[in-house]
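Enquirer: Whenever a hint applies, use it, and build me the whole structure from the sequences.
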Amino acid sequence: MKKYLSSLICGFGAGVLQIVPLLRSFSCCFILPFAAFISLLLNQRATKSKAKITTKDALLFGIVTGLYAALFGSFLEIFITFITKQNDIISTFPELQQMINNFPVSPEIKNEVLNLFQRVREDILANGFSVLYTFSVLVNNFIVNTIFGAVGGLIGAQIINSRMNNTKNEF
Amino acid sequence: MRLQYRLIIFIILLIWCAGIFLEWFLNFEDHLLLGLPFLQKTYSLVCHQEKAKLLFFDHGETLTCARCTGIYLGLLFTSIIVLFSIPKKELHIKFLFIAAAPMISDVILYSLNIYHYSKMIALTTGFLLGSVGFLYLYAGLNNLIRELKS
Numbered sequence: 000m001k002k003y004l005s006s007l008i009c010g011f012g013a014g015v016l017q018i019v020p021l022l023r024s025f026s027c028c029f030i031l032p033f034a035a036f037i038s039l040l041l042n043q044r045a046t047k048s049k050a051k052i053t054t055k056d057a058l059l060f061g062i063v064t065g066l067y068a069a070l071f072g073s074f075l076e077i078f079i080t081f082i083t084k085q086n087d088i089i090s091t092f093p094e095l096q097q098m099i100n101n102f103p104v105s106p107e108i109k110n111e112v113l114n115l116f117q118r119v120r121e122d123i124l125a126n127g128f129s130v131l132y133t134f135s136v137l138v139n140n141f142i143v144n145t146i147f148g149a150v151g152g153l154i155g156a157q158i159i160n161s162r163m164n165n166t167k168n169e170f
Numbered sequence: 000m001r002l003q004y005r006l007i008i009f010i011i012l013l014i015w016c017a018g019i020f021l022e023w024f025l026n027f028e029d030h031l032l033l034g035l036p037f038l039q040k041t042y043s044l045v046c047h048q049e050k051a052k053l054l055f056f057d058h059g060e061t062l063t064c065a066r067c068t069g070i071y072l073g074l075l076f077t078s079i080i081v082l083f084s085i086p087k088k089e090l091h092i093k094f095l096f097i098a099a100a101p102m103i104s105d106v107i108l109y110s111l112n113i114y115h116y117s118k119m120i121a122l123t124t125g126f127l128l129g130s131v132g133f134l135y136l137y138a139g140l141n142n143l144i145r146e147l148k149s
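Residue numbers (numbering that gives the first Met the number 0), protein chains in the order written: chain B, 0 to 170; chain Z, 0 to 149.
Everything labelled a hint here was simulated from the structure, so no lab data went into it.
Glycine included, C-beta positions come from ideal geometry on N, C-alpha and C.
Check before you lean on any hint, since a few could be wrong.
Said to hold, decoys possible - Just so you have them, the derived chain B footprint on chain Z, three or more residues with Cβ under 8 angstroms:
1. 19 to 31
2. 42 to 51
3. 135 to 141
Expert: This is the structure:
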């Protein structure tokens, strides 16, 4: 647990950043890889290690950072939705309706998708909670954040290692 | 790295990039619309999806902004090249920063209102970073395989 303290801190930061609209638009797809990179950097500072980071360690740090980000991000998103009974689906529903109606697909499919959104919307407005929405948040967060965290770890290790002794990548 | 691994990476990137253009594929398969709510959520995790920065086509738009689309297409582009030709030269990390410089400059310049946001510039600079960035991802995976084998 202590070994991955830096991942916990960076994962928490990334999880929070992912749900803050203004900050999210600035950092875009770099939040998770950057968090993984910072967690590697923090860990190295904390352990005062001068050794090169192994790719295996970097990958693990990236994955753990992604998992923490998914955990905090999902919890915050579900919790905020529960408290405020508002989220992206509610606020963008009219636009979404219009957009779906413009697609060149059969009316039955359009109705099916709109009904699905409508059900989620009604559940959130009434209870602040939707099983489908929660499932979607959890699955997406855990898969995407883990992959992007791993990518950040793999590339981050190369940056840190090159800074340490100016080594070159080998293919 | 063995061809099978390179092929797996390419297929994963191809599926990821195809997902970005899901709305375009609706022209060929209606049922893909059922996946739209879920995929919108997926890509919202890795992109702000600001309406003004999305790429538009016939009956829809991309699920990521022009810059992110460029990055992912760049990754896919190099993964195709790497399928046929394995990079043998050593690559210094400074090339990653050089590739990132145009994109970072673009973000800074348009944020300072020196010029207006251009989807084409965002797409191109993202593509450059993505295509070079893949080489580092590839090197990382290569190192990982080597470490696991030893």
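Enquirer: For every hint, state whether the structure bears it out.
Expert: Right, here's what the structure says about each hint:
1. 19 to 31: It holds, with 5 qualifying residues against the three required.
2. 42 to 51: Our answer is that it holds, as 6 residues pass the Cβ test (under 8 angstroms) against chain B, meeting three.
3. 135 to 141: Since three or more residues must qualify, the claim that chain B covers the segment 135 to 141 of chain Z holds, with 7 doing so at under 8 angstroms.
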